[in-house]
Amino acid sequence: DAMVIQNPRYQVTQFGKPVTLSCSQTLNHNVMYWYQQKSSQAPKLLFHYYDKDFNNEADTPDNFQSRRPNTSFCFLDIRSPGLGDAAMYLCATSTVRGPLHFGNGTRLTVT
Amino acid sequence: AQTVTQSQPEMSVQEAETVTLSCTYDTSESDYYLFWYKQPPSRQMILVIRQEAYKQQNATENRFSVNFQKAAKSFSLKISDSQLGDAAMYFCAYRVYRDDKIIFGKGTRLHILP
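Just so you know, the sequences run in chain order A and B.
Each residue of the first sequence is one higher than the last, beginning at -5 in my numbering.
Each residue of the second sequence is one higher than the last, beginning at 2 in my numbering.
Because the hints were derived from the structure by calculation, they are not lab data.
Beta carbons: idealized from backbone N, C-alpha and C, even for Gly.
Stretch-level coverage of chain B by chain A, calculated; a stretch enters the list once three of its residues show a Cβ under 8 Å from a Cβ in chain A:
(1) 47 to 54
(2) 90 to 99
(3) 107 to 115
Ranges of calculated distance between the beta carbons of each label pair, as one might list FRET restraints:
(4) B/Lys79 - A/Thr20: 27 to 37 Å
(5) A/Leu77 - B/Tyr55: 41 to 51 Å
(6) A/Thr54 - B/Thr28: 18 to 28 Å
(7) A/Phe48 - B/Gln70: 34 to 44 Å
(8) A/Phe67 - B/Ala72: 42 to 52 Å
(9) B/Asp82 - A/Phe9: 43 to 53 Å
(10) A/Gly92 - B/Gln3: 17 to 27 Å
(11) A/Ala80 - B/Arg110: 15 to 25 Å
Between the sequences and the hints, there should be enough to build the whole structure, so can you do that?
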């Protein structure tokens, strides 16, 4: 089945230690998104790609970076995680004008 | 600015009954999509139903239907014959045709009472 896969499901990192979350898709969608979701809150868009065009939200901290080396893969890099960055990180894909297809998410814990 | 408002943080419904979740949005655009997403506890977010703004007919997916009132900028979700598996967080979302961004409301947590 075509899907969006996020690895790992759970990630524990230390305060200030860089961490990378990954996302892959077999849907061949143009658009890939990274959302941050804290407990019982709405997903907050961090950035998205339309093909290789990168779109950063104005309020996304500089601490967060992203890479999309090809259509299938997208990475979220957190350069110096703080305690406030502990959250569920959701990757999603879509076609132009289509609905989002989400992965299972990566739950990040910062110790 | 485009916003999506869900005024009910939590709701409860008896199993087999009908429940309606409210959503309003603010936009100056005429062409857009609206969505309802379901996020069960510790599980993947999935699409429940979508509505194109240019369509007057309300979308329906099995037990799920919407009441789309474009002039009032209202997009409510009705769940008929509620089942225990419907317990989840429900998010209303909005997308402009010409944009890739999808904006979410704060969500409504739905409890199903056996």
